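Chains L and D are the protein sequences, given in the same order. Numbering-wise, our numbering puts 237 at position 243 of the first sequence, and it's gapless, one number per residue. Numbering-wise, our numbering puts 159 at position 158 of the second sequence, and it's gapless, one number per residue.
Treat the hints with caution; some may be incorrect.
Quick list of in silico lysine-lysine cross-link-like pairs, DSBU-like style, CA-CA up to 30 Å [stated by the list, open to error]:
id : chain 1 : residue 1 : chain 2 : residue 2
1  : L       : K176      : D       : K91
2  : L       : K176      : D       : K71
3  : D       : K28       : L       : K176
4  : D       : K97       : L       : K176
5  : D       : K44       : D       : K226
6  : D       : K125      : L       : K176
7  : L       : K176      : D       : K16
8  : D       : K134      : L       : K284
9  : D       : K248      : D       : K42
10 : D       : K16       : D       : K226
11 : D       : K27       : L       : K176
12 : D       : K125      : L       : K284
13 : L       : K176      : D       : K133
14 : D       : K29       : L       : K176
15 : D       : K71       : D       : K29
16 : D       : K134      : L       : K18
17 : L       : K284      : D       : K142
18 : D       : K133      : L       : K284
19 : D       : K282      : D       : K247
To give an idea of the interface, some chain D residues facing chain L are shown, with a C-beta separation under 10 Å as derived from the structure [to be verified]:
id : residue
20 : R68
21 : K97
22 : A100
23 : K125
24 : Y157
25 : R173
Just so you know, these hints were derived from the structure itself, not from any lab. The structure presented is a predicted model; accordingly, all values stated were derived computationally and were not measured. Cβ atoms here follow ideal geometry from the backbone N, Cα and C, with glycine treated the same way.
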Amino acid sequence: MSMDSSGMIRAKSPRISELRRLIKVMCNRVVVVVGIGIIAFFILVAIFAPMLAAHDPLYTYLESILNPPSGIHPLGTDQVGRDVLSRLIYGTRISFLVGIFGVTIAGTLGMGLGLVAGYFGGWVNAIIMRCIDALLAIPPIVLMMAISAILGGGLFNVLIAIGFGMMPTYCRLMCAQVTVLKENDYILVLQTAGASSWRIMRHLFINAFPPLLVLITTNLGTAILMEAGLSFLGIGILPPTPSWGAMIYDGRRLLFSNPILSLAPGGAIMLIVLAFNIVGDGLRDALDPKLRGTL
Amino acid sequence: MSMPDELILEVKDLKMYFPITRGLLKKKVAYVKAVDGVTFKIKRGETLGLVGESGCGKTTVGRCIVRLYKPTSGQILFNGKDISSLPENKMRSYRKNFALIFQDPYSSLDPRQSAGNIVGEPLKIHNLVKSKKDYQERVEKLFQSVGLDPSLMSRYPHEFSGGQRQRMGIARALSCEPSLIICDEPVSALDVSIQAQIINLLQDLKEGSLGLSYLFISHDLSVVKHFSDRVAVMYLGRIVEITTPKKLYNNPLHPYTKALLSAIPVPDPDIEETRKRIIMKGDVPSPVNPPSGCALHTRCPIAIPECKELVPLLRDVGGGHEVACIRVK
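Start from the sequences and build out the full structure, keeping to the hints where you can.
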């Protein structure tokens, strides 16, 4: 917003200028741009996988098992003769889906329940949080195994398992944040003014969200790794569908003779997790009004 | 200024007890009697000062009136209508008639909302604006009315000073054109120079409006003296004396008021040296278990045995000077 010659305020739509500012701030930092670049790269790879992959990821070249990197197979072949690069490219699809949707399910459910529990307090809080405590008492991998075992394998069920497995942390954190924030005078002002619960919860959410944003970005990587764990146990993505996690586990026995089998998907996971973390940090800083003008 | 004698607020025998619960089943073991039978009136256009030491229930009275708390018993007549036990959905339409200004200008503004949004939000809550343009104009006007530059609307609270933040709080309180503003220690968190500015602003706003009333809660006796038309003194959840500031400061009748006023230091070393201060013995009793009869009898220099049994009621001792003490004739 700026003043023109007559001293009147030229009103721009605040929403658009806010978005523009956000993009500008994010793009001003080289690291964040690199992070966004990496994520964009992987998204493109996931979309255009069939065009990028030179081989069918499921086809077994029986004559060339465990080949070292070569012109035909840039990252070599695995123990049943499948092209590693092609599997890596197709695996991007699964890993992205699992990471993004797993965290979306966990975040939406967890933060929603946490917000309601923290805002209403009393017996609502008691009931929700005791259920969450019960879930937290079970190690996430065991919880996810149980869910997967009941629902069976497959992408959709893996997403549900991961979503529920990670949900309790979001709920706890959100509830703790909201419990503290709702004592603030600005929430009392809203109550005095007659604001609806919905409006008050929106204010609480906006203020409670930034620390959770960090959790979300870390969890995007965790979700990819969890899927790997589930696939390894045979209750995740069903073989032979390529997924990065499954590829790491498949290659672990050959870590010394053919390290590329594990290192390639491992490197991809590392890169994407790093990129998500960088972008998450950048986003949190850009959304913080206190850092305005310093970034 | 001529004031119509119309009552804007009448509080009758207001009680607010907070339960102390214990154990898994939340058994109520005792009550904190924060407000224990408070009665007062505020006329349209009048400023009532409410003074007392920390923990005497001043803030609770304010919060009961805006129904942040549901009073245990008593009546709160707002424009003649009892709002003390209205359900929240019926209460909503009344809420635009009063507003609250808080002590801490830091925690009373949402750090993630722009100044314009903070000030204008009550307008949205009560659907008082027709269009975006209307909203923008109203918020600009509010900024100007409290002496803030409207070009600061898109700034965030942390970019403002304490005084400016308090001005934003006042602008927000004014947004729905309320008839009663409850100022809960609005200047105690500010520098003395800024205090004067804020007090003058509140004074100007009252004079510039048609019948805006204040309930001015404070522990700063000199600010209250300057600002109020009448002053009520509270002790342990009850009002002990109500009168005009002039009468209160020149001729305090209640022993507690006398002690309270004698605690104000005189900025003259010679007078200060010879001045006799009334120091009450002991501490303020706990509001969980207040003394029987007159709450002050355990500390009062003029208490007689009857004070233990009789709960003194406020009575007019002439010219609208009300005192709750059986020893005052």
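Evaluation of the provided hints:
Between the alpha carbons of K176(L) and K91(D) the distance comes to roughly 23 Å, so the proposed pair stays at or under 30 Å and holds. A distance of roughly 18 Å separates the Cα atoms of K176(L) and K71(D); the hinted pair therefore holds under the 30 Å criterion. Distance check on the hinted pair: K28(D) and K176(L) sit about 25 Å apart at the alpha-carbon level, within 30 Å; holds. For the hint pairing K97(D) with K176(L), the CA-to-CA distance comes to about 21 Å; that is within 30 Å, so the pair holds.
With a CA separation close to 18 Å, the supplied pair K44(D) and K226(D) stays within the 30 Å bound. Among the hinted pairs, K125(D) with K176(L) is consistent with the structure: their alpha-carbon atoms are about 21 Å apart, no more than 30 Å. Restraint check for K176(L) and K16(D): satisfied, since their Cα atoms lie roughly 25 Å apart, inside the 30 Å limit. A C-alpha spacing of about 28 Å is found between K134(D) and K284(L), which places the hinted pair at or below 30 Å, so the restraint holds.
Of the pairs offered as hints, the one joining K248(D) and K42(D) holds, with about 18 Å between alpha carbons and a cut-off of 30 Å not exceeded. Distance hint between K16(D) and K226(D) is fulfilled; the C-alpha atoms sit about 27 Å from each other, no more than 30 Å. Note on K27(D) and K176(L): the hinted pairing holds, with a Cα-Cα distance of about 22 Å set against a maximum of 30 Å. Taken as a hint, the K125(D) and K284(L) pair is honoured in the structure, with Cα atoms around 25 Å apart against an allowance of 30 Å.
Restraint check for K176(L) and K133(D): satisfied, since their Cα atoms lie roughly 29 Å apart, inside the 30 Å limit. The hinted pair formed by K29(D) and K176(L) meets the criterion: a straight-line CA distance of about 24 Å does not exceed 30 Å. At most 30 Å may separate the alpha-carbon atoms for a hinted pair to count; K71(D) and K29(D) meet this at roughly 17 Å. Of the supplied pair hints, the one linking K134(D) and K18(L) holds, its CA atoms being roughly 27 Å apart against a limit of 30 Å.
The hinted pair formed by K284(L) and K142(D) meets the criterion: a straight-line CA distance of about 26 Å does not exceed 30 Å. A distance of roughly 27 Å separates the Cα atoms of K133(D) and K284(L); the hinted pair therefore holds under the 30 Å criterion. At most 30 Å may separate the alpha-carbon atoms for a hinted pair to count; K282(D) and K247(D) meet this at roughly 27 Å. Against a cut-off of 10 Å between C-beta atoms, the interface hint on R68(D) holds, since the closest Cβ of chain L lies about 8 Å away.
Given hint, K97(D) at the interface with chain L, holds; its Cβ is 7 Å from that chain's nearest Cβ, closer than 10 Å. At a threshold of 10 Å, the smallest CB-CB gap from A100(D) to chain L is about 7 Å, leaving the interface hint in force. Below 10 Å, beta-carbon pairs count as interface contacts, and K125(D) has one with chain L at about 8 Å; its hint therefore holds. With a least beta-carbon distance of about 4 Å to chain L, the hint placing Y157(D) at the interface is held under the 10 Å criterion.
At about 7 Å, the closest approach between the beta carbon of R173(D) and any beta carbon in chain L falls short of 10 Å, and the interface hint on this residue holds.
Going through the hint list in order, the structure satisfies each hint without exception.
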